[in-house]
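Visitor: Could you slot chain B onto chain A? The hints should help.
So the sequences go chain by chain: A and B. Number 176 in full-length UniProt numbering belongs to position 176 of the first sequence; there are no gaps in the numbering. Number 280 in full-length UniProt numbering belongs to position 280 of the second sequence; there are no gaps in the numbering.
None of these hints come from the bench; they were simulated from the model. Predicted model, so just to flag it, every value in this text is computed and none were measured. Glycine included, every Cβ here is placed at the ideal spot set by N, Cα and C. Be aware that one or more of the hints could be misleading.
Okay, the calculated beta carbon distance ranges per label pair [said to hold, decoys possible]:
1) Q445(B) to K361(A): 37 to 47 Å
2) A123(B) to D170(A): 52 to 62 Å
3) Q445(B) to R329(A): 50 to 60 Å
4) T264(B) to K401(A): 54 to 64 Å
5) A216(B) to L236(A): 12 to 22 Å
6) E5(A) to A2(B): 46 to 56 Å
7) A261(B) to Q213(A): 38 to 48 Å
8) E215(A) to D296(B): 14 to 24 Å
9) L97(A) to E455(B): 28 to 38 Å
Protein chains: 2
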Amino acid sequence: MALNEALSALESLLGDRLSRAPGDCDQHGRNETWFPFSPPDAVAYPETTQEVSDLVKICAAHGVAITPWGTGTSLEGHAVPLQGGISLDLSRMNRVLEVLDSDMQVRVQPGVTREALNEDLRATGLFFPVDPGANASLGGMAATRASGTTTVRYGSMRDNVAALEVVLADGRIIRTGSRAKKSAAGYDLTALMVGSEGTLGIITELTLRLHGQPEAISSAVCAFDTLEAAVETVQLTIQMGIPMARIEFVDALTAEIFNEANGTDFPHKPHLMIEFHGSDAAVAEASERFGEVVADMGGADFQWATTTEDRNKLWRMRHGAYPASIAHRPGCMGLVTDICVPISRLAEAVAEMTAEIAAAKLIGPIVGHVGDGNFHSVMLLDPDDKDEFKRAKSVAGKMAKRSLEMGGTVTGEHGIGMGKIGYMRDEHGAGWDVMGTLKAALDPQNILNPGKLVEQKP
Amino acid sequence: MALNEALSALESLLGDRLSRAPGDCDQHGRNETWFPFSPPDAVAYPETTQEVSDLVKICAAHGVAITPWGTGTSLEGHAVPLQGGISLDLSRMNRVLEVLDSDMQVRVQPGVTREALNEDLRATGLFFPVDPGANASLGGMAATRASGTTTVRYGSMRDNVAALEVVLADGRIIRTGSRAKKSAAGYDLTALMVGSEGTLGIITELTLRLHGQPEAISSAVCAFDTLEAAVETVQLTIQMGIPMARIEFVDALTAEIFNEANGTDFPHKPHLMIEFHGSDAAVAEASERFGEVVADMGGADFQWATTTEDRNKLWRMRHGAYPASIAHRPGCMGLVTDICVPISRLAEAVAEMTAEIAAAKLIGPIVGHVGDGNFHSVMLLDPDDKDEFKRAKSVAGKMAKRSLEMGGTVTGEHGIGMGKIGYMRDEHGAGWDVMGTLKAALDPQNILNPGKLVEQKP
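In isolation and in its complexed conformation, chain A is listed as follows (with noise of 0.2 Å):
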């Protein structure tokens, strides 16, 4: 009952923007890996903040869950409507408002993604660094706090938003954060959005910061002969001080589906695939010692990517990686692991990541962000072979275990969602109750994003 009532207050409200359509609901009750499908009874498509308030209140008055969607490309099952109810697709919250470059600034609403906002800024000499592989939605980021390739150079969602409007679960519009570069005035409410997976409130309104898009860029890749050479290679790069825009490492398989997607002819060995950005000068002197670092550790087969096209297309083949191995086991879903370890520590976790995988009989190309100590392996799983994904689960279990050992988190850049639900108290002890006490005091009905990242009372 109270479910129709607020559908039929929410049709006021939108209109034919409320869609109870099966083919809406169907799209936005499926996740990109393996999570059971889950419809929402509804979706909403607000255009407005006050839209997104509106809608809150009447969930709110009737108890009603929301979660809220920006393009589904989470890993983790975020925007699954666990609890059905309403689905809130930004998609159409889409618009770059002001681009405050000589802040080096740029305000949006969550919609926007982030190759449509880099299209929007590529005239002005500045750029929105953060990519995870997808073509995700901005608020999307924002909420599962994420990172990718340039994080090592840039920082992650966390260094990159400076203010944000959010809708509370009761519908009040609160900003935080300011347009200054710092402030100390009083608890960091960003901070506390960026990464609360939804469960906290509603991102209406971004304010990100942008960077210089650098004056000199220069991208490589090389081979080696083991996986401790590649990282081991990594970890001198940083303490020597050579400053990376990207640094990241593949291997053996991953070069090889490399070639299968993208006819490309990479020797079947771990990599490297690297990128400086700086001034010419800059760029020609890390360019250099980083030769020197990789020479040293037996690393062989460098090419390097001059022109922009081969740079977009090198950068392009990366974060492809993850379609391109789906595609590598036609007909299979991906389970996909990401943790991130102290920098030394990352060889002895790859290591054993990768011989868990093969202990367990599985396939699983390993890539990652090594430069931030995270790296994902995709298992390939056949879905009807229910054993395979117990061995998956299984390994990816033993590995979040690995890296809490090793004084590192369970999820680097992914999040919790409903897949690494089970971590949490594992990483966090009593501090994740303290994340729970936090979700009572501001959402104390339970209705934003329900099921997700708190651990759930019965």
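Guide: This is chain B only, laid out in the frame that chain A set:
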């Protein structure tokens, strides 16, 4: 009664490390600026996290207030025990616990000061960059989200705290964050605690990020005819992407105060103080490009500090600006503003502040971390002149309002404490209520640093 019972239990716990000596209580009731004297009933000197936890449990059981104390260098009365109770002096928890050099991190107790830490790190090739003027404790710096002259390059405490151990208001001990370089594992409790000013928990251990001691350093001072020319030089330098490690503005009066305190002979003009860090080549390139900008803007009297000794003298002078300003007017007390505006509004904001101080017939030298858009006027007040104090408060209030109108914040780095609580509603609107909700959820008895940061309910 409750208080006496608590004190007697605390005496059993801490022995003579619970002091009721008037000298101790007096010292912990004072502050660096103009806030009234308000002593605690006792001062506690815990030596372990477990003692802090036990102490908090005793105070919670008896409803006794706890105000953490680092070194007492706050400019906003953070450590003043407004409701008496316990001043929790963390100065005996002053051990550097573990230098994790290959991860460029260090674990410290909260009472370690920033200078002691850097002394300890000297031989490692690493350093901790955040430098508020005073030799503050790292726990206090985290609790107030401190920053300083190097924030333009290395960030503030927000960016340099990787993990914390915190004792909550009920005595529970939690660990936030991890040793990984990034994480997407749930709410960012580290960021919530950093800047919470002891109102949500007591920091008992910190894992800090370190940086490599730069291969080359180059520092300089140069003079400008007008403050506009100096500030526009900063804006241009940022826009050109010249990588600065420090860029500080001092006005003509501060140059005069430097001469008084240090026997220097700077012209009575606005100055910029700048520093570059990097490889020899990078520093040379940055210095040259900066020199060109300065020449274009009519800057002159360029003095390069080439030796370590000269550099240290330069930055000691800058860090000593507050006491030197106080000494400029013997017997005065300071009222320090701390607004931080978007870089695009900086010249305007500094000019308005200068005009307001002149119009109010006050003595108020201006210094600032202008690369961040943050600057201070140090208004030097006769403690017996009530009208002068009123005029200074009025200038501070006007400029806080102007900062918000410009998209800035009322405090870039000094925090809220007692001094800026009156601006919180203007800056945060309903966001301030959210802070109150979080405070009530984590400290329902309001025993942790009561009277600070959040709205005080009657």
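Visitor: The structure should be examined with respect to each hint, and the outcome stated for every one.
Guide: Taking the hints in turn, this is what the structure says about them:
1. The given range of 37 to 47 Å is broken by Q445(B) and K361(A), whose C-beta atoms sit roughly 56 Å from each other.
2. The supplied range of 52 to 62 Å is met by A123(B) and D170(A), whose beta-carbon atoms lie about 55 Å from each other.
3. For Q445(B) paired with R329(A), a C-beta distance near 57 Å keeps the hint of 50 to 60 Å intact.
4. One distance hint, 54 to 64 Å for the beta-carbon pair T264(B) and K401(A), holds here, with the actual separation near 59 Å.
5. At about 21 Å, the CB distance of A216(B) to L236(A) agrees with the hint of 12 to 22 Å.
6. In this structure the supplied range 46 to 56 Å holds for E5(A) paired with A2(B), their Cβ-Cβ distance being about 50 Å.
7. A261(B) and Q213(A) have their C-beta atoms about 44 Å apart, which keeps the hinted 38 to 48 Å range intact.
8. Distance hint for E215(A) and D296(B): a CB-CB separation of about 19 Å, consistent with the stated range 14 to 24 Å.
9. In this structure, L97(A) and E455(B) meet the distance hint of 28 to 38 Å, their C-beta atoms being roughly 31 Å apart.
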